[in-house]
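Chemist: Quick note, the sequences are listed as chains W and C, same order.
In terms of the numbering used here, the first sequence opens at residue 63 and continues consecutively.
In terms of the numbering used here, the second sequence opens at residue 63 and continues consecutively.
Simulated from the structure, these hints should not be mistaken for lab results.
Here the structure is a predicted model, which means the values were calculated and not measured.
Among the clues, some could well be false.
Each pair may be met inside one copy or between any two copies, as identical chains are not told apart.
[As the list claims (entries may be wrong)] For lysine-lysine, the following DSS-like pairs were computed, each having C-alpha atoms within a straight-line distance of at most 25 angstroms:
{"hint": "1", "residue 1": "Lys113", "residue 2": "Lys76"}
{"hint": "2", "residue 1": "Lys362", "residue 2": "Lys324"}
{"hint": "3", "residue 1": "Lys101", "residue 2": "Lys324"}
{"hint": "4", "residue 1": "Lys514", "residue 2": "Lys76"}
{"hint": "5", "residue 1": "Lys118", "residue 2": "Lys489"}
Here is how the chains run, residue by residue.
Protein chains: 2
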Amino acid sequence: MEGERDRRMGVNGKVTELLIRDVRFPTSLEAHGSDAMHKDPDYSAAYVVIKSDGTKHEGHGLTFTVGRGTEIVVSAVKSLSRMVVGCNLADIFGNFAGFWRDLTSESQLRWVGPEKGVIHLATAAVVNALWDLWAKIENKPLWKLLSDMTPEEIVSTIDFRYLSDALTKEEALQILRDSAPHRQERIKKIREVGYPAYTTSCAWLGYSDETLTKLAHEALREGFTRFKVKVGSSVEDDKRRLTVIRNEIGWDNMLMVDANQKWDVQHSIDYMAKLAHFKLAWIEEPTSPDDVLGHLAIKKGLSQYGIGVATGEQCANRVLFKQFLQSGAIDFCQIDAARVGGVNEILSVILMAKKFNVPVCPHGGGVGLCEYVQHLSIFDYICVSGSLENRVIEYVDHLHEHFLNPCVVNNGCYVVPEAPGYSIEMKPNSLAAYEYPDGPVWADLRLKGLIKDT
Amino acid sequence: MEGERDRRMGVNGKVTELLIRDVRFPTSLEAHGSDAMHKDPDYSAAYVVIKSDGTKHEGHGLTFTVGRGTEIVVSAVKSLSRMVVGCNLADIFGNFAGFWRDLTSESQLRWVGPEKGVIHLATAAVVNALWDLWAKIENKPLWKLLSDMTPEEIVSTIDFRYLSDALTKEEALQILRDSAPHRQERIKKIREVGYPAYTTSCAWLGYSDETLTKLAHEALREGFTRFKVKVGSSVEDDKRRLTVIRNEIGWDNMLMVDANQKWDVQHSIDYMAKLAHFKLAWIEEPTSPDDVLGHLAIKKGLSQYGIGVATGEQCANRVLFKQFLQSGAIDFCQIDAARVGGVNEILSVILMAKKFNVPVCPHGGGVGLCEYVQHLSIFDYICVSGSLENRVIEYVDHLHEHFLNPCVVNNGCYVVPEAPGYSIEMKPNSLAAYEYPDGPVWADLRLKGLIKDT
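So here's chain W without its partners, still in its complex pose:
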């Protein structure tokens, strides 16, 4: 491990440029990704590239979106870029918590958040691009960059504002110090066994029974033992779909369901009670992602059925995660790599989850999210939780072919990524082809009358 001085000397140079692109994939044409609230997602990204005069490496980062609205996040990234371009990399990485605070607390921009929605999605793309750059400069995958830092260096990247009633800096340090002696053995182990994954690719809401059966069968053959099904159209329809899936995967494999925020609180309890006999590990996003007390009520209502409560992919920031964790409202903490403000904020959530003994099971899917979150869970295992029990990363088998270093899942587990960076850099050809609205893929679809622009 290097000291802060050595690292700072390795990252000379200023940020000279921050590029932003609107990249969209026409996934809605095939009902991939359809759920109870998002009928027709076009998996998309506001895609950031950061260049510096101190290194040949580029930092890449994206925030995931589902089509329309990407243009708003692009606008927000442009507004944030003035606070990044011109900064010294050594100043950013040497006081990353301070830089992050400045970025998220800019005295005028914070009004349109604060720290939530469009402006925070944009922050994630920018901040993750900086982490990607840092990891590339250090010639390490992101999880290894983090796992080579001292506990003091890790907490120096975290802004603890608003967290101290749940987790102080000193408590965070202690958690990291307790794990530090075990890091090397855990790195060895996770490289051997990989990180457990579950698949959502079998059971989107728009799929037919035949498709469900076929995809579940294939997933089993590939080694998956954990499966998630989208629910929320109707109890009868969900019973039918869950029967199809349970018939295929049997009763020993893990099965969970996801309602994507469809229901009110009491309705969540009543609805799930009717599905309880399918032996479900969790109900994900039963209601509004902002409703801490609602999730707590649902958790209490469902505990008699052994159904856990999971949420987090649209949890706006660390303050909401804090409340979900400190109140005991969730059984599974589903971090998203680009919904909160990037790696720095995720680290605080992972540490809070450890304190409150809630397993972190990241949100994957979309475009690039699996590539991102594998690093976060692997860091969690090595430096924080030290456990794989009840911990799984979502895996969705879409769009990985567009990445230079796509994630690899073998036999139902993520293989530890070894390429330098955050695994989020897309191929230049893909970026060009899917650029919205004028990339050749979109021009062609328009020409064929398959889409209408608005």
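With chain W's structure known, arrange chain C on it following the hints.
Modeler: Chain C only, in chain W's frame:
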């Protein structure tokens, strides 16, 4: 009162156009509006005009911002406009809850919220412009449009999704029915006495002691008996400023303080304990606006000092308001007319506040917020709360001169507005002069070197 059929017949026509402008006032040059988190606000607006082929009236609406970031909200309004232009006004107003649900749940756009931050600020501007248009067509001020509706018509504008564990549609109806027989007497009374106001104009963080004394003295002479002071720079500085103000206003007048989210939870309690002897009615925004459980802890910690807890101006949506109210975390509910998704959502918050017996004290100030919220509090009094006890509307004496029908405060009370609409239409000359970045006011400041654009 008219039935729904009559009202719908009165509003024929389609929305033909939705214009959006970026309007900014260079208030940062004089430290107006400075607080613990916003050092240099340029009071601004994303300003919407809706035109229809069925009426000569235009609907005007704005969302308040503080400078940079307005361009992002403008981008979001453009993205929303495709869902408004072309719609029949009768369809919108005849099923306003449904229209509102469609607007806030658009299957792709909701990802960049949902219902929070930039996209929700944009929603507020659009939705409020529709209400302004409706009120103008009916030739009534907004509060009167609402107060002439039946309980059934009022609830028909509200989306109860995610609220039913705290307030059902039936409970909302009952609250409105209980008050209905008293509406006429209350209209008469509020027109006579006005709605109580408090002033924030005396004590921005950037003001000198001399300015504080002078402005408090003037406010007293104008009839104000309720005052708010910005705090949060340091205990010693706040003690000095509060002493200056208490010396001027005495001990019988109402005094509250506002920290604008500066502190962590325990720090809020410790800090405020040191200011308790100033006899403070409330501490406003002690910590993150997302922290329901944090505010609850602060409320418990401060109850021994008789200091209430207030928040809401940056409360993202009705789901967070629901939790603040149902948990008992706040003593004063500070709605903002353009932070949540416009009048429809505000109505649900006012009704929840009634159920949980928390007085509504709206956030004023900025540009246009006082003009807006007077209508909401007057509606609250006439149709919901029936009480003025512990209820006050913030008043800030800035920028009213730019409105066609500015709010009027006499002797410390808002005078009931009688002009048709939502009082939010700005003068054409003001819109043109302050348009950003190319309006003549900004061009002139740039020429004089008083601002640097970024």
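Chemist: Take the hints in turn and mark each one as holding or not.
Modeler: How the hints compare with the structure:
1. Proximity of Lys113 and Lys76 under a CA criterion of 25 angstroms is satisfied intra-copy only: 9 angstroms inside one chain copy versus 48 angstroms between copies.
2. Taking CA atoms no more than 25 angstroms apart as the test, Lys362 paired with Lys324 passes inside one copy only; the shortest distance there is 19 angstroms, against 34 angstroms between copies.
3. In this assembly of identical chains, Lys101 and Lys324 lie within 25 angstroms of each other by CA distance solely inside one copy; the values are 12 angstroms within and 40 angstroms between copies.
4. Within a single copy, Lys514 and Lys76 get their C-alpha atoms only as close as 42 angstroms, which misses the 25 angstroms cut-off; across copies the closest is 22 angstroms, which meets it.
5. Taking CA atoms no more than 25 angstroms apart as the test, Lys118 paired with Lys489 passes inside one copy only; the shortest distance there is 17 angstroms, against 53 angstroms between copies.
Violated hints are absent here; each numbered hint is respected by the structure.
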